[in-house]
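Engineer: Everything in the sequence shown is counted per my numbering, starting at 4 for the first residue and increasing by one.
Read the hints as simulated data drawn from the structure, not as lab findings. It is possible that part of the hints are untrue.
[Stated by the list, open to error] As a list, the in silico DSSO-like pairs of lysine-lysine whose alpha-carbon atoms are at most 27 Å apart:
(1) Lys247 - Lys308
(2) Lys357 - Lys305
(3) Lys275 - Lys225
(4) Lys231 - Lys327
(5) Lys180 - Lys357
(6) Lys222 - Lys200
(7) Lys44 - Lys92
(8) Lys275 - Lys357
(9) Lys305 - Lys247
(10) Lys373 - Lys353
(11) Lys222 - Lys202
(12) Lys367 - Lys349
(13) Lys288 - Lys327
(14) Lys323 - Lys231
(15) Lys271 - Lys373
(16) Lys275 - Lys288
(17) Lys185 - Lys206
(18) Lys367 - Lys231
(19) Lys323 - Lys275
(20) Lys206 - Lys44
(21) Lys84 - Lys222
(22) Lys271 - Lys202
(23) Lys367 - Lys271
(24) Lys92 - Lys79
(25) Lys202 - Lys180
(26) Lys247 - Lys180
(27) Lys288 - Lys225
(28) Lys271 - Lys200
(29) Lys79 - Lys200
(30) Lys327 - Lys185
[Stated by the list, open to error] Okay, the calculated beta carbon distance ranges per label pair:
(31) Arg356 - Asn296: 13 to 23 Å
(32) Arg345 - Asp212: 39 to 49 Å
(33) Arg356 - Glu209: 48 to 58 Å
(34) Asp303 - Lys367: 36 to 46 Å
(35) Glu316 - Arg176: 43 to 53 Å
(36) Arg361 - Asn48: 33 to 43 Å
(37) Asp303 - Arg204: 24 to 34 Å
(38) Arg176 - Asp133: 30 to 40 Å
Yeah, the Cβ is synthetic: ideal placement off N, Cα and C, and Gly gets one too.
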Amino acid sequence: MRIIKLFFICVCAGTLLLLTGCWDRREINDVAFVLASAIDKEGDNIRVSVLIPLPGNMGSSGGGGGSGGQKPFTIKTETGKTIREAVSKLQYRLPRHLFFGHRRVIIIGEQLAREEGVATIFDAVTRTPDSRLTAFIAIAEGKAQDILNSDTRLERFSAESMRELLQSETSIRISVKDVIGKMIAVGEDAFFPYIEKVKTRIKGQEADDLLIEGFALTKDGKMTGTLKGDAANGLRLLNHSFRKYDETFNDEGNYLTVAITQAETSIKPEMKNGELTFRIHTMVKASVNEDRNLERNYDDYKQRKRIEEIVAERVTDNIKQAIKSMQQSNSDAVGFGLHTYRAYPKIWTKKYRKDWERIFPEMKFEVTAKANLFRLGMSSENLGRKDR
């Protein structure tokens, strides 16, 4: 029995020798958690700004400000020849260790995106082990630092407002990982949400609002143009991860708002007489949100059919506008080159790959659409309609 006990003690003691201590531990009070970063071009340097929450200034309830009217966050900024130099110089000024593992959003200034491109940003991000590739990324109209410093009021941090906005139905979810995949893909260019700061100017309620203005287009990592309005909706329709949106139509003087809730788009490259063309067909489902024509009879098939035709015409026009803008910016944000490579790999390699930058702006597209009005949004006749 003693031998068994002695053996057991020796095993336990030997096991303890294999355990390691926390040699690289860091107390939570010694860490500054970065929720969002802004990266701008400033002269020949790059300016990096970070948003850090201040737990001591946070109120007990949700909403905008912190306790005592103090902001529940601070923004620190520094410049350098590279992003990592700016971060290192920033770290020298802070008593806490900067930790990027909780960073939710990265905002890039428009000047940096146009002149330097975004490739250097991804090089810096991917070389840092604690950076999250799932963080949302966008390009700012103007300075990214101004977006980071927005007083949004509705959320405690502008980082939270940006994160919710960039994953909402007003945009297309674009993460660092998504952009990297597009940049290294054959025959495809990356695009970004294009974010803008606007002012709420109601007296006594002044604040900043963040708006997804559309999408920023890139070529070889550099921003070359933007898609806004109907053209931005066209890109949403062409994108494989469709998010629903509303459209308002003028039908013979009466306005009609329709929600485009589903979209299925097929993109087929075809070789005709040795020339490459694309055939695009989109099938959308729509529901009526509001109709100012109180006399419209939805029991009449012809009137419902007219709405479907109006929606289909708008969808076709939006896609054409998106393609025209992409060709003008020479940015293949949809990946038409990738579709060609998959359909005709040998022809793509021999004829199109090297000259795609020259060929894409002159490419021809055939666009068609069909709409299905599947929901009228009413349980009986229009309640605003006067009985006769």
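Engineer: Of all the hints numbered above, which does this structure not satisfy? Sort the numbers upward.
Structural biologist: Violated hints (numbers, rising): 2, 3, 10, 11, 16, 17, 20, 22, 25, 27, 28, 31, 35, 37 and 38; every other hint is consistent with the structure.
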